[in-house]
Each structure stands twice: as C-alpha cells, then as structure tokens.
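So the sequence lines, in the order shown, correspond to chains A and B. To convert, count from 1 in the first sequence and add 454; that's this note's numbering. To convert, count from 1 in the second sequence and add 431; that's this note's numbering.
One or more of the hints may lead you astray.
Said to hold, decoys possible - Simulated coverage check for chain B against chain A, where a stretch passes if three residues somewhere in it have a Cβ under 8 Å from a Cβ of chain A:
{"id": "1", "region": "460-468"}
{"id": "2", "region": "492-498"}
Said to hold, decoys possible - Here are some of the chain B residues that sit facing chain A, going by a computed Cβ distance under 7 Å:
{"id": "3", "residue": "449"}
{"id": "4", "residue": "451"}
{"id": "5", "residue": "453"}
{"id": "6", "residue": "472"}
{"id": "7", "residue": "482"}
Think of the hints as simulated: they come from the structure by calculation, not from any bench. Built from N, CA and C at the ideal position, the CB exists for glycine as well.
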Amino acid sequence: MGPGELDRLWVLVSAALIFFMQAGFLCLEVGFVRPKNVVVTAMKNVVDWTIVSIIWMLVGFGIAFGHSLRGLIGIDLFFLDGVAAPNGNGLGWTFFLFQLGFAGTSATIVSGAMAERVSFFTYIILTTANALIIYPVVSHWVWGNSFFTDQHSWLTALGFHDFAGSTAVHSVGGWISIVAIVMLGPRLGRFGADGKVRPMESYSLPFVALGVFILWVGWWGFNGGSTLRAGEAAALVIVKTNLAGSVAGLVAYLHGRWFQRKIDLEGKFLGGILAGLVAITACSHVVSLPSAAAIGVLAGIAHNYSYILLMRLQIDDPVGAVPVHLVGGVLGTICVGLFGNLEKLSVVTGVHNTRLGQIGAQLAGVASVGVWTAGLAYLTCKILRATVGLRTSPQEEADGLTMSGEPREHVGEELDPDQVRKLLGGGE
Amino acid sequence: VTTTESKVVHHISVKMGAGYNLLTVPQFMALPINERVQLVLQKKIQFLDDHGTTIPVSDGLNFISNYKPPAK
C-alpha cells in the first residue's frame, strides 16, 4: 500500500527537522571556534546548503535514486524529471526534500573539521565534489532501492543495511573530514614543538550545547522520518534514538571523568551525545531498547578514545567531527550486524543473512564506502593543494578568516640566490 | 608582519595560487632542491615557529641549512 497523506505530512515535517539541523551545526561550530572566526564559520555552514540544494536538484538526486546501472549509479531523475508522485515510492517531492536534508548534512559535517584555517574557496570546491559525486554515489549504494523499490544496488543485494545514514551520511562526512584535515594541517599554534596540545579558546560552549539540542531534535526527523510512515513505528525509533544519545553522553562524561583525567569534559559530554545519535542511526528500527542503550555505551567510549587518539596523532579537529561522525558512523553500521534482529533485517533488506553474514555485509559497506569516499576526498584535496592551495595565509589565520580571503600581503625579504641555494642545499 | 624571537622552524607556509599550503620541515625538505630555491626566491615561503609566528627568512634558512632529518 502506498503512502497516505498523513505519511506524506510526517515525512515533510521530518524534512523540515533535518533542514533545521543545519542551524544546529552552525551553532555547534560557531560555539567551538575562536571568536575571531565565528562569522566565516557561520557563512561556511550556509554556503554548503546553497551548493548542495542546487546540485541535488540537477544531478545528485538522480545519481542517488535513479534507475540503477549495474547497482553502482543512478542514471535518470536528473533535473527533477520523473521525481513527482506517483512515480517511484509515491512520496514524490516530499521524498526529494527529505533526501536533500541528508545530502546537506553530509556536506556540512566537513566545515567544522576544517574550521579556522581552510580557505573559503577551497571549502566550496570540496563541498561541490561531495555534493556532485561522492555522496550521491554512496547514497545509491546504500539506498538505491528506496525510490524505485523494485531494484537493488550492489550493497543492498548483500543485505547491507543502514537505516538512516550512519554510513551513507555521517561516515561520508567523517571520511572526508579526516582526509581533509590531515592534508590541511593543524591550526597554527595548536600543537607545541614537543607535540603537546595547546588549548584554544572557544567562542561559547553554551552555544555548542544549543547546537547539540537543535541537532538532537533534528534527529527525531532524521531517524523517525526514515520510516517513511507516520505512526507508532516512527515514535519507537525516536525513543531508541533518544535513549542511545542520552546514554552515550553520560558514558562519555563519566569515562572522561574517571579514565581520561577530566580533560575536555564538556566536549566529550556533548560530542558523546552526538556519537550516540550517529551510531543508533543505522539500526534504530531493528534493535531492541536494551540494545540501543548498549550501542550508546559503546559510542560514548569509542568517542572518547578516538578524541584522544586524534590529539596524540596531532590531527586537529576543532569541533570533534571525526570522533562523532566517522567513529560513531562506523560503529553504528557494524552494530546492525551485532545487535540487529535478523528476522526484521531479512524483511527490510529482502536478504536472509546469518549473524556472521550480516556482520560481513556491514563490514563490506563500511570498507567500500570508506575507500570510495576517502579516495575521492584525497584526490580532490591533492588537486586543490597543487593548484589553489588548501589554506588561508598565516596572516589571515592570525587576524581571523574572512569570506573574501584577502589577507594582508606578506612581504618577503630580498635574498641572494646563491646564498639561498647554498643554505637550502647545505643540509644534503 | 609579526615576527618572533624564536628561530626554530615548525612549519613552512607555501603560497600556491590564491591560497596557501602548510608543510612540516621534513615535507619541505622532501621537495626537490630547485623547487625549494625557487619558492624562496619568489617570496612564496614563510617560516613559522610552533605558535605560527613568522620567522625572518634568513633565520629560517639558517635553521633549514642545519636541519638533520630524524633517524629512521
């Protein structure tokens, strides 16, 4: 039976809640960065939505949800042709808007990780690459049978399951983030010569907390809306989502307090909540309430260890995007195999897997999406680094970033070429 | 340009097109010698200490000339 008007309304409300998550990301990121960078950080959050909105309409939705070419990529629904109901799953424009929110979420995750040193132009190009090819292809692999329900992508044919995007949305943003920030380098002054982390001022932690609350309510639409039907099933999904986020936040706080010398407790508490929400996203309709709580425990602990690991590796992630979205996303996807009800999974996926088979399918999804996303992000960053540069100037970074990216010019010294050659070659 | 008393180079900022890249000292030293020389002569290089403060180019070059890669 196709969707009724109430279902359509619920999914439309969910789409609005997901769009509102953009405001949550904005508050979170603005709250975490230094006061001198709040304006440009906010602008980056707005610009990625504008880019994704246009690209999604032109080609993104088609690549993600069009008729499948060998299970790899969608080949129609471009320029909105064929999107309207009663085509496909019957949700038409409602489904288009709902999925636009997911695409926008995947893009905006990256802005926080690269904050305070990436140039505005570089960020726009990277966002475009994500919106144009990286995210839509992953979306097709994971949800290619969501609009045209009589087809399979290569991943769905294995029984891989990612209910609302732990992998498709969050780990895509997380993979791009980790590749980008390794290639970008840290904020100047973040790590001392001895490798020690130097604390950097945050604009407003209450703003971060507000961002978490906005994201949290957005998640009600993110996961609850992914049932694509109004009713008790959606409400139960939201209950489990709420539970996992709450447990993960408390566990991250207590773990940070008892086992990590009380370092960055605010960041760990708030980041832990988000990691729990990310992790439950893949499995919220195929796990029990106790399992949702267990997933929250695992997410809180995994968040804290990855948070510390990044610092030890001197990888600078100003908002903790990688522990939340990459680690939470990978964990949640694997948890489908570990905790998911196999009977429910076989009904949802149409594939009868054993427990081991389901875990294998989940690992295949995590690995393939990781290779695809990290590979393309690396290629994009490599090209950008060799052509337009990834960062702002040290002067702009010291003064605070701007949208125009026109820093004070650095005036170098006049030097004797022979002397320079001698000095630079002297160590060889 | 803000400069510093420190003469220990931690990072090197390299102008590239309209933007910049940040290299560690080993990454900079891995560039071919001619490319390094050209970058310096074209004033595309800023040597930075561990606070991100600019070190005068002559001091930075002196540091680099005495730089020994860490033993593997």
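Hint check results:
1. 460-468: Check passed, 4 qualifying residues.
2. 492-498: holds (count 6)
3. 449: holds (6 Å)
4. 451: holds (5 Å)
5. 453: Where the cut-off is 7 Å and the nearest Cβ of chain A is about 4 Å from residue 453 of chain B, the hint holds.
6. 472: Check passed: Cβ of residue 472 of chain B comes within 6 Å of chain A, closer than 7 Å.
7. 482: This interface hint holds because 5 Å falls under the 7 Å limit.
In the structure shown, no violation is registered for any of the earlier numbered hints.
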